[in-house]
Amino acid sequence: MRTLYQFHGGIHPPGNKEQSTQSGIARAPLPSRLVIPFRQHAGEAAKPIVRVGDRVLKGQLIGMPVGFISSAVHASTSGTITAIGAQPIAHPSGLPDLCATLIPDGREEWIPHAAPSTSLRTGFDYRNSDPAELRRQLRMSGVVGLGGAVFPSDIKLRPGNRKIDTLILNGAECEPYITCDDMLMRERAAEIVQGAEMLRFMLEAGEVLIGIEDNKPQAIAAMRQAVADNGFSFEVVAVPTIYPGGSAKQLIRVLTGLEVPSGKLPTDIGVQCFNVATAYSAYRALAHGEPVLSRIVTITGNVRRAQNFEVLLGTPVRDLVALGEALPDTDRYLMGGPMMGLPLPLQHGGAEPSGAGGAAGQLLPQAAGFASNVSQLPPTDIPLVKASNCIIAASGRLFPPAPPALPCIRCMRCAEACPADLQPMDLFWFSQSKEFDKAQQFSLFDCIECGACSYVCPSHIPLVQYFQFAKSEIRAREHDQQAADHARERHEFREYRFEREKQEKAEKLAAREQAAKQAQPAASANPADAMQQKIQAAIARAREQAAASQPKNTDHLTAQQQAEIAEIEARRAHIHELAKSADEAPDNHSEGRSQ
Amino acid sequence: MSALFSPFISKPDTVSAIMLRVLLALLPGIALYVWHFGPAILVSIALASLTALGTEALMLRLRNRPVRHFLGDNSALLTGWLLALSIPPLAPWWLVVVGTAFAIAIAKHLYGGLGNNPFNPAMIGYAVLIISFPAQMTHWLTPHGLGPVELGLLDQLKYMFVGALPPNVTLDAVTMATPLDTLKTRLHLDEPVGQILEMPIYGRLAGHGSEMVSLGFLLGGLYLLAARIITWHVPVAFLGTLFAAAGIFHLADPTHYAAPLFHWFSGAAMLGAFFILTDPVTGPTTNKGKLIFAAGAGLLTYLIRAFGSFPDGMAFATLLMNICVPLIVLYTQPPVFGKKAKASGKGKGQP
Numbered sequence: 001m002r003t004l005y006q007f008h009g010g011i012h013p014p015g016n017k018e019q020s021t022q023s024g025i026a027r028a029p030l031p032s033r034l035v036i037p038f039r040q041h042a043g044e045a046a047k048p049i050v051r052v053g054d055r056v057l058k059g060q061l062i063g064m065p066v067g068f069i070s071s072a073v074h075a076s077t078s079g080t081i082t083a084i085g086a087q088p089i090a091h092p093s094g095l096p097d098l099c100a101t102l103i104p105d106g107r108e109e110w111i112p113h114a115a116p117s118t119s120l121r122t123g124f125d126y127r128n129s130d131p132a133e134l135r136r137q138l139r140m141s142g143v144v145g146l147g148g149a150v151f152p153s154d155i156k157l158r159p160g161n162r163k164i165d166t167l168i169l170n171g172a173e174c175e176p177y178i179t180c181d182d183m184l185m186r187e188r189a190a191e192i193v194q195g196a197e198m199l200r201f202m203l204e205a206g207e208v209l210i211g212i213e214d215n216k217p218q219a220i221a222a223m224r225q226a227v228a229d230n231g232f233s234f235e236v237v238a239v240p241t242i243y244p245g246g247s248a249k250q251l252i253r254v255l256t257g258l259e260v261p262s263g264k265l266p267t268d269i270g271v272q273c274f275n276v277a278t279a280y281s282a283y284r285a286l287a288h289g290e291p292v293l294s295r296i297v298t299i300t301g302n303v304r305r306a307q308n309f310e311v312l313l314g315t316p317v318r319d320l321v322a323l324g325e326a327l328p329d330t331d332r333y334l335m336g337g338p339m340m341g342l343p344l345p346l347q348h349g350g351a352e353p354s355g356a357g358g359a360a361g362q363l364l365p366q367a368a369g370f371a372s373n374v375s376q377l378p379p380t381d382i383p384l385v386k387a388s389n390c391i392i393a394a395s396g397r398l399f400p401p402a403p404p405a406l407p408c409i410r411c412m413r414c415a416e417a418c419p420a421d422l423q424p425m426d427l428f429w430f431s432q433s434k435e436f437d438k439a440q441q442f443s444l445f446d447c448i449e450c451g452a453c454s455y456v457c458p459s460h461i462p463l464v465q466y467f468q469f470a471k472s473e474i475r476a477r478e479h480d481q482q483a484a485d486h487a488r489e490r491h492e493f494r495e496y497r498f499e500r501e502k503q504e505k506a507e508k509l510a511a512r513e514q515a516a517k518q519a520q521p522a523a524s525a526n527p528a529d530a531m532q533q534k535i536q537a538a539i540a541r542a543r544e545q546a547a548a549s550q551p552k553n554t555d556h557l558t559a560q561q562q563a564e565i566a567e568i569e570a571r572r573a574h575i576h577e578l579a580k581s582a583d584e585a586p587d588n589h590s591e592g593r594s595q
Numbered sequence: 596m597s598a599l600f601s602p603f604i605s606k607p608d609t610v611s612a613i614m615l616r617v618l619l620a621l622l623p624g625i626a627l628y629v630w631h632f633g634p635a636i637l638v639s640i641a642l643a644s645l646t647a648l649g650t651e652a653l654m655l656r657l658r659n660r661p662v663r664h665f666l667g668d669n670s671a672l673l674t675g676w677l678l679a680l681s682i683p684p685l686a687p688w689w690l691v692v693v694g695t696a697f698a699i700a701i702a703k704h705l706y707g708g709l710g711n712n713p714f715n716p717a718m719i720g721y722a723v724l725i726i727s728f729p730a731q732m733t734h735w736l737t738p739h740g741l742g743p744v745e746l747g748l749l750d751q752l753k754y755m756f757v758g759a760l761p762p763n764v765t766l767d768a769v770t771m772a773t774p775l776d777t778l779k780t781r782l783h784l785d786e787p788v789g790q791i792l793e794m795p796i797y798g799r800l801a802g803h804g805s806e807m808v809s810l811g812f813l814l815g816g817l818y819l820l821a822a823r824i825i826t827w828h829v830p831v832a833f834l835g836t837l838f839a840a841a842g843i844f845h846l847a848d849p850t851h852y853a854a855p856l857f858h859w860f861s862g863a864a865m866l867g868a869f870f871i872l873t874d875p876v877t878g879p880t881t882n883k884g885k886l887i888f889a890a891g892a893g894l895l896t897y898l899i900r901a902f903g904s905f906p907d908g909m910a911f912a913t914l915l916m917n918i919c920v921p922l923i924v925l926y927t928q929p930p931v932f933g934k935k936a937k938a939s940g941k942g943k944g945q946p
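Chains D and R, in that order, are what the protein sequence lines are. Residue 115 in my numbering sits at position 115 of the first sequence, with consecutive numbering throughout. For my numbering, count along the second sequence from 1 and bump the result up by 595.
Worth flagging that the hints you see were computed from the coordinates, not collected in a lab. C-beta: ideal position from N, C-alpha, C; glycine also. Don't take each hint at face value.
The list that follows gives simulated cross-link-like pairs (lysine-lysine, PhoX-like), each with its CA atoms no further than 25 Å apart [claimed, not checked]:
(1) D:438 - R:606
(2) R:753 - D:438
(3) R:934 - D:471
(4) R:934 - R:883
(5) D:163 - R:934
(6) D:471 - R:935
(7) R:883 - D:163
(8) R:606 - D:264
With the C-beta cut set under 7 Å, the calculated list includes, among others, these residues of chain D facing chain R [claimed, not checked]:
(9) 260
(10) 261
(11) 265
(12) 338
(13) 405
(14) 410
(15) 420
(16) 440
(17) 444
(18) 446
(19) 491
(20) 492
(21) 496
(22) 497
(23) 519
(24) 520
Only some residues are given here: those of chain D computed to face chain R with a beta carbon under 7 Å [claimed, not checked]:
(25) 262
(26) 327
(27) 328
(28) 340
(29) 396
(30) 412
(31) 425
(32) 429
(33) 433
(34) 456
(35) 503
(36) 504
(37) 506
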């Protein structure tokens, strides 16, 4: 049996996973309205390539990836695009983002299966495909990390400067309540392991380790069976159940004993890590030509019917909540688990979405009655996206608010629980006193915000919130510093330019005078002539120096660089045209915004 | 109303519950104290508790802090108990009151209250008393069965509050110097250790009666370890260093230096190892730091006992090491994940 390693700290919160694993994955019914954000991945938002009124097919590309870190967005079903504009989404900022509203026609009509989907449906031979082409297909299929970070998978599969020894498939699922990966592994293990083999092929990785926490014996058995059935030499490893054992760096440590150096990527130590659901969607994308249109979401917590549903991306949370039958005392919904999840803003009737509703309810006694009525009001319209692994209905009974905080007594429980070997009590002290330099010096940015410290704190200090605050303050400060540096550079360059122009003018003037003088050869006997010649020589030298020190940036280019420039110019012209055409049809956008 | 931000769940543990368990862990020692020395200590503890809570409430009020919120954290109570257990049980009432009030008001609240005081408040209280009132601090009760007379509870109360002893009873008849103090005085008279320890006030390991109280504190300390309220670092490093220092001198010259076990079970060693040096607020926050801190305290305790002018060194050793805590913590920062000297493949293997 494989030697496993430990990481420092970790906690054992109650799992609460049984509730949602009683029945299998069910398919959620087609919603009456889908709201599909154009940014469901880390990086640049996809660019809308459909217009209001367009009829789209299931799987049709509606958002084109823009830039290096980006991914495609598709229509989750067939129907009509009725709006493109800013809509509330699940984000800590509470700010809305660009979304397409899709009214399904109920026909679930797929895109013409032109791509490899039909031709390669049986026995897709990825081994004879160019890995670059496979990566491009993943990007255009919108395959991103479904463990929660939603980082575009194609970028993680690019060859680096180091060979990948180990591909790790993350099926740990350490957060309490969440069971979507567990159920996916139980029911669709064969597709996951085939997807893993494709990922392994693209990475040219040596061994493949599939890490699953030992509280999921059925998933472990199913995955082992699938590996054996396919004749792969992957190893399915039962890892100890400990939070945050599913965090990539911690799982890598447990399985390989290696520590990803601070500020580096796993690939720097020859390891790459993918979530099991990502391997599944990579398989669907490559073998069947299916873009990522749905995902498994757990609905659990304060509900009558906790279960996993396969949900179309863009389905409003309220539809899933209705399937789970949330109990009447539900006062909030969390996206994600109880350790790191995000409380969703509540929408009261048709009013503006606001995250402050809950806070007001706790602070103001007269608002308490209002807050208790929340469950009768329609729950949130926030759409489920690629990052949504779980929706938890919360109530005061299930998640009682922490008692008021006491001062830190430096009991070290947080340091004992920290999986990043940090000293949270010191970081708290520095964050509270706004000694951000010290906080940074004490490795604040190595904090993974897992919440283990807050969980164990006997003084109930919201440590993670302090660390998030300190991090954002430091980032803002660095941003300001950069802006100031930039402004100073521009100012200095402007001064320099003025100086240079002045000098150039003077030179021109001198040259003109010189030319005029040369037109009068009689003046050559002038005693000032020797002096004049010296000046001329100095000007010539100065001009030479100026020419040497400021070559134009288009000089001395290779043929390849010139070709690139031409290409960029062509692209610019294209964008210019697109912008023009967009200007000609401004009603599309304004219509979306006005809603 | 549910929790507002992540994590939405937390371990049901509170400062008040932790302090309460530390108080409970003191009970075996207190019970043995009562068994061997009579109930006066209970009166002392009660007096210290009342003073501690009263001073805490007053200071919170003066500092505009929510009184009820903080008063329930049990930390003031613990300071009071530790101080009461460190001073002679038959001390006059005002000695307990002055020491406790000073500990809470000056050593704790003037530095910012719970969590902010650099020095152990109980030990500050003790230091103030032993420097200001050295005479009153030497009147330790004689354990049961050793003195010519024994005071009942009423007589003890009467002495503590009014200062009056029953007729025909002198203070010397019911009190004595501590075993540590006696050893020190007699050693100055050039008596060998072996002969001194033959005296009736000594038991098997150390002072008759007081060695049992130390054993009670050891028991309570083991409970704190089992309940994971403290870690092994402080008691092991403190007792280990004390043992090693005493052992070296004892081996070199057994007629002048008592055995290590004598030092373990004398004075406040056990109380200090498990209840005083383990105070999280005034101790280091790194495991390596705890080892250095407690080892330093062990060495200082021994040096003060063997060569200093005070009978016991626990309080001053604690305070001296408290001063060093920020420096110790700064130089014992554990390596952060991914910043270790080498990300070695070695780890605690699991089968």
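Q) Does the CB of residue 396 of chain D sit less than 7 Å away from some CB of chain R? A) Holds, about 5 Å.
**Q.** chain R contact restraint for residue 456 of chain D - C-beta distance below 7 Å
**A.** Result: holds, 5 Å to nearest chain R Cβ.
Q: Under 7 Å, Cβ to Cβ, is where residue 425 of chain D needs to be relative to chain R, so tell me if that hint holds or is violated.
A: holds (6 Å)
(Q) Is the interface hint satisfied for residue 446 of chain D? The criterion is a beta-carbon contact with chain R at less than 7 Å. (A) OK, holds: residue 446 of chain D within 7 Å of chain R, min 5 Å.
**Q.** chain R contact restraint on residue 519 of chain D - CB to CB distance below 7 Å
**A.** violated (75 Å)
Q) Is the shortest C-beta separation between residue 440 of chain D and chain R less than 7 Å? A) Residue 440 of chain D check fails; min Cβ-Cβ to chain R is 12 Å, beyond 7 Å.
Q: Would you check whether residue 520 of chain D satisfies its interface hint, that is, whether its CB is within less than 7 Å of any CB in chain R?
A: violated (77 Å)
(Q) So, as I understand it, the hint says residue 328 of chain D touches chain R; can you test that by seeing if any CB pair is closer than 7 Å? (A) Since chain R brings no Cβ nearer than about 14 Å to residue 328 of chain D, farther than 7 Å, the hint is violated.
Q | chain R contact restraint on residue 412 of chain D - CB to CB distance below 7 Å | A | holds (5 Å)
Q) For the pair supplied as a hint, residue 163 of chain D and residue 934 of chain R, is the alpha-carbon distance within the 25 Å limit? A) holds (22 Å)
Q. Would the stated hint for residue 260 of chain D survive a check requiring a Cβ distance to chain R of less than 7 Å?
A. OK, holds: residue 260 of chain D within 7 Å of chain R, min 6 Å.
Q. When the nearest CB of chain R is found for residue 338 of chain D, is that gap smaller than 7 Å?
A. holds (4 Å)
Consistency note: the structure conflicts with the earlier hints numbered 1, 2, 7, 8, 11, 13, 16, 17, 19, 20, 21, 22, 23, 24, 26, 27, 32, 33, 35, 36 and 37.
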